[in-house]
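Each chain, written out:
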Amino acid sequence: MTTRLMHRMLLLPGLVALVVTFCLPVAWLLHMSFMPEPDSPPGHAAISFHAYAQVLEDGFYWWVVWQTVRIGLVVTCLTVPLSFPIALFLSRSTSPWRGTLAALAVAPLLTSTVIRTYGWMVILGRHGLINRTLLGLGVLSMPVRLDNGTFATIVALVEILMPYAIISILGGMGRLTVELEQAAALLGAPLWKVFMRITVPLALPGLLTASLLVFVLSISSLVTPQLMGGGRVFVLSTEIFSQTTQALNWPLAGALSTLLLALFGSVIVLYQRAARRLEDPA
Amino acid sequence: MAETIPPAADAFLHVRDLTKQYPGSPRPAVDRASFDLGKGRMLALLGSSGCGKTTLLRMIAGLVPPQGGHVMLGGRDMGHVPLHQRQMGMVFQSYALFPHMDVARNVGFGLEMKGMPASQRNAAVRRMLELTHLENLADRRISALSGGQQQRVALARALATEPALLLLDEPLANLDVKLREAMRAEIRALQKRMDVTCLFVTHDQDEALSTADEIAVMSEGVIQQIGTPQDIYERPANRFVAGFIGRANFLPALWQRPGWAEVPELGLLAIAEHERWQGTRTLMVRPHAIRVRMGGDMTDALRACTGHVVDLSYTGGRYGCQVRVGPYLMETELEAGTRLPIRGQEVQLDWPAHRTRVLDGTP
Ligand SMILES: Nc1ncnc2c1ncn2[C@@H]1O[C@H](COP(=O)(O)OP(=O)(O)OP(=O)(O)O)[C@@H](O)[C@H]1O
Ligand SMILES: [Mg+2]
Numbered sequence: 013m014t015t016r017l018m019h020r021m022l023l024l025p026g027l028v029a030l031v032v033t034f035c036l037p038v039a040w041l042l043h044m045s046f047m048p049e050p051d052s053p054p055g056h057a058a059i060s061f062h063a064y065a066q067v068l069e070d071g072f073y074w075w076v077v078w079q080t081v082r083i084g085l086v087v088t089c090l091t092v093p094l095s096f097p098i099a100l101f102l103s104r105s106t107s108p109w110r111g112t113l114a115a116l117a118v119a120p121l122l123t124s125t126v127i128r129t130y131g132w133m134v135i136l137g138r139h140g141l142i143n144r145t146l147l148g149l150g151v152l153s154m155p156v157r158l159d160n161g162t163f164a165t166i167v168a169l170v171e172i173l174m175p176y177a178i179i180s181i182l183g184g185m186g187r188l189t190v191e192l193e194q195a196a197a198l199l200g201a202p203l204w205k206v207f208m209r210i211t212v213p214l215a216l217p218g219l220l221t222a223s224l225l226v227f228v229l230s231i232s233s234l235v236t237p238q239l240m241g242g243g244r245v246f247v248l249s250t251e252i253f254s255q256t257t258q259a260l261n262w263p264l265a266g267a268l269s270t271l272l273l274a275l276f277g278s279v280i281v282l283y284q285r286a287a288r289r290l291e292d293p294a
Numbered sequence: 188m189a190e191t192i193p194p195a196a197d198a199f200l201h202v203r204d205l206t207k208q209y210p211g212s213p214r215p216a217v218d219r220a221s222f223d224l225g226k227g228r229m230l231a232l233l234g235s236s237g238c239g240k241t242t243l244l245r246m247i248a249g250l251v252p253p254q255g256g257h258v259m260l261g262g263r264d265m266g267h268v269p270l271h272q273r274q275m276g277m278v279f280q281s282y283a284l285f286p287h288m289d290v291a292r293n294v295g296f297g298l299e300m301k302g303m304p305a306s307q308r309n310a311a312v313r314r315m316l317e318l319t320h321l322e323n324l325a326d327r328r329i330s331a332l333s334g335g336q337q338q339r340v341a342l343a344r345a346l347a348t349e350p351a352l353l354l355l356d357e358p359l360a361n362l363d364v365k366l367r368e369a370m371r372a373e374i375r376a377l378q379k380r381m382d383v384t385c386l387f388v389t390h391d392q393d394e395a396l397s398t399a400d401e402i403a404v405m406s407e408g409v410i411q412q413i414g415t416p417q418d419i420y421e422r423p424a425n426r427f428v429a430g431f432i433g434r435a436n437f438l439p440a441l442w443q444r445p446g447w448a449e450v451p452e453l454g455l456l457a458i459a460e461h462e463r464w465q466g467t468r469t470l471m472v473r474p475h476a477i478r479v480r481m482g483g484d485m486t487d488a489l490r491a492c493t494g495h496v497v498d499l500s501y502t503g504g505r506y507g508c509q510v511r512v513g514p515y516l517m518e519t520e521l522e523a524g525t526r527l528p529i530r531g532q533e534v535q536l537d538w539p540a541h542r543t544r545v546l547d548g549t550p
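As given, the protein sequences belong to chains A and B, one line each in that order. Per the working numbering, the first sequence starts with residue 13, numbered consecutively. Per the working numbering, the second sequence starts with residue 188, numbered consecutively.
Derived by calculation from the structure, the hints in this document are not laboratory data. Keep in mind that a hint or two might mislead.
Part of the chain A face toward chain B, derived, beta carbon under 7 Å [claimed, not checked]:
hint	residue
1	ARG187
2	GLU191
3	GLN194
Here are a few chain B residues that sit away from chain A, every Cβ distance over 12 Å (derived from the structure) [what the hints assert, rightly or not]:
hint	residue
4	ARG273
5	VAL278
6	GLN417
7	ASP418
8	ALA459
9	GLU462
10	ARG463
All of these numbers come straight from a predicted model, not from anything done at the bench. Note that the Cβ used here is the ideal one computed from N, Cα and C, for glycine as well.
Work out the full structure, taking the sequences as your base and the hints as a guide.
Written out as structure tokens, the structure reads:
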């Protein structure tokens with residue numbers, strides 16, 4: 013009895029931190045989203061669904077949600093397959109450089125997203141590395157526009173999120189051993205069958221976690237779509253940002269944030285369903 | 188380099204000069220291992236931990252690239268044959284069962300890779316499961332099996348494709364004594380029934396002696412001797428093999444005259460007439476070859492050596508009896524139920540000359 017009480021007491025500091033830093037702000041956000049229009053007369057109504065009505069009625073916001081999900085899916089579908097071989101290599105390597113290589117793979121996390129995004133602007137810009145090289149080689153006669161758009165946003169997001177994907181894939185490969193692949197090969201499986209029947213299924217928990225993480229991080233990213241999009245990429249986060257800083261329509265920003273939260277929630281529910289199915293295939 | 192010896196006429200598995208040195212290691216893990224194995228025979232690779240057994244087995248399987256030498260199976264050089272075409276079944280020390288498949292799918296995996304249609308495959312899987320007494324566990328998950336059951340699944344999976352060569356890496360190491368003995372008999376019966384050539388790694392000499400047709404004793408990467416269990420036990424090639432297999436007494440000896448050798452501080456001992464050498468060599472006698480006599484009827488004082496009982500210990504069915512003879516401590520054996528000496532009692536030891544084996548080197 014007392015030990016159980018003690019165990020619960022141990023939860024207390026974390027619980028307090030969670031309430032203060034997460035629950036309270038979210039509650040505040042919800043509260044704000046139900047506030048009346050900013051320019052309506054004061055004392056009009058305590059609770060108003062105006063912001064939500066505005067979101068649901070305006071086709072633009074539907075399009076923004078679709079755009080957000082689409083970029084998230086594309087980024088996920090590129091990042092996870094690109095990170096998988098790197099994670100496999102790192103988990104297999106017996107070289108003394110393995111530690112260094114693993115550190116290098118996650119080293120980009122040491123620099124801020126802003127700096128890395130600017131790095132991509134330098135590479136993709138109108139007078140950037142790629143355009144100058146292609147012009148110099150005579151492949152192009154006019155610079156092509158690579159920056160300021162969805163393409164640039166996706167490229168930068170993929171690169172920025174790869175370290176996260178690599179770490180989570182590595183963490184979820186516990187059941188995959190070289191011996192299992194060798195056993196399959198000796199049983200007559202050619203390389204690609206070993207990969208499809210043994211490597212991928214056993215790495216699936218890691219791949220799934222990586223997909224969740226990358227998707228969530230990409231739909232919630234602000235700096236990259238803002239800077240790489242050049243004002244042409246509209247996603248939920250950029251919309252929330254402009255509503256809070258420029259339009260000063262906080263109820264609308266609150267409603268959009270709630271929408272984003274709901275999106276997170278449904279993705280996490282999907283992930284948990286898939287994870288449970290993985291654990292218990294029956 | 189010495190010219191390679193051609194394979195024996197009846198060799199099915201032919202291994203020549205396989206060598207592997209891991210990077211950063213001062214000596215090869217396996218050094219020029221060579222042997223031939225006839226079709227349907229079972230060879231035990233016996234040696235202490237770290238002597239290179241697994242490395243040799245993995246080189247034969249193609250999992251570790253050798254630095255020298257070659258492997259031929261059924262007359263075919265396996266040098267460039269990819270893993271999935273080698274037709275070798277392997278039971279890994281860790282079993283390496285696929286955790287995301289049930290028992291039946293594990294066992295059927297090899298047949299599925301061969302492209303066998305599902306109906307035929309199911310029948311073959313059922314037959315394998317029956318042979319290994321697993322028919323009730325067909326749709327169990329691997330994590331829900333006991334160690335012995337997992338071991339049988341691994342065996343069934345390796346045998347299902349009817350491989351030309353079966354490789355077993357200490358498959359019984361994780362099992363308790365009773366189960367180990369039962370599984371040993373089961374593996375042997377299956378191997379004979381399916382007439383599959385088999386190589387198994389073990390560090391348990393009883394397992395090797397009782398199960399295999401032939402034994403290769405390894406030490407520090409070198410195959411010390413290869414032969415039938417009787418050969419290895421009765422006629423060990425060197426001091427290492429004699430000491431590794433079974434218990435033995437070793438005495439230093441100088442050749443004296445035909446039929447006689449002199450053991451320092453002990454006197455003359457009878458040996459086989461044809462033995463002849465220079466300098467000091469080692470005489471080996473197995474404990475059970477020695478007769479222990481009590482009560483001074485010194486009929487043949489010359490052949491016997493006299494000593495005092497130091498220790499007597501019961502080992503189930505028989506007694507181990509240590510006797511100090513001069514500076515030497517001799518291990519002997521006494522049947523339970525015979526008259527037993529007491530500690531400190533004077534006894535005479537003797538044994539037939541042909542049970543004394545002369546080995547190179549000093550003890
Ligand atoms: N991948 C490796 N890299 C470096 N050295 C290795 C490697 N694998 C094995 N060795 C070394 O090679 C030697 C032989 O190893 P091996 O695994 O063949 O021994 P073993 O006879 O199977 O031993 P055990 O009975 O303990 O399984 C050992 O000294 C071991 O430390
Ligand atoms: Mg081993």
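Here is what the structure says about each hint:
For A:ARG187, the shortest C-beta to C-beta distance to chain B is roughly 5 Å, which falls under 7 Å, so the interface hint holds. Interface restraint check: A:GLU191 against chain B, minimum CB-CB distance 4 Å, threshold 7 Å, status holds. At about 5 Å, the closest approach between the beta carbon of A:GLN194 and any beta carbon in chain B falls short of 7 Å, and the interface hint on this residue holds. With 12 Å as the threshold on Cβ separation, the claim that B:ARG273 sits away from chain A is violated: the shortest Cβ distance comes to roughly 7 Å.
For B:VAL278, the non-interface assignment is contradicted: its Cβ lies about 9 Å from the closest Cβ of chain A, within the 12 Å cut-off. The claim that B:GLN417 is not at the interface with chain A holds, since no C-beta of that chain comes within 12 Å of its own (minimum 33 Å). Listed as a non-interface residue, B:ASP418 keeps its Cβ farther than 12 Å from every Cβ of chain A; the least gap is roughly 32 Å. The beta carbon of B:ALA459 sits about 48 Å from the closest Cβ of chain A, which is more than 12 Å, so the claim that it is off the interface holds.
Its beta-carbon lying about 48 Å from the closest one in chain A, B:GLU462 satisfies the requirement of being farther than 12 Å from that chain. At roughly 51 Å from the closest C-beta of chain A, the C-beta of B:ARG463 stays outside 12 Å, upholding its exclusion from the interface.
Taken one by one, the earlier hints fail for this structure at numbers 4, 5, listed in ascending order.
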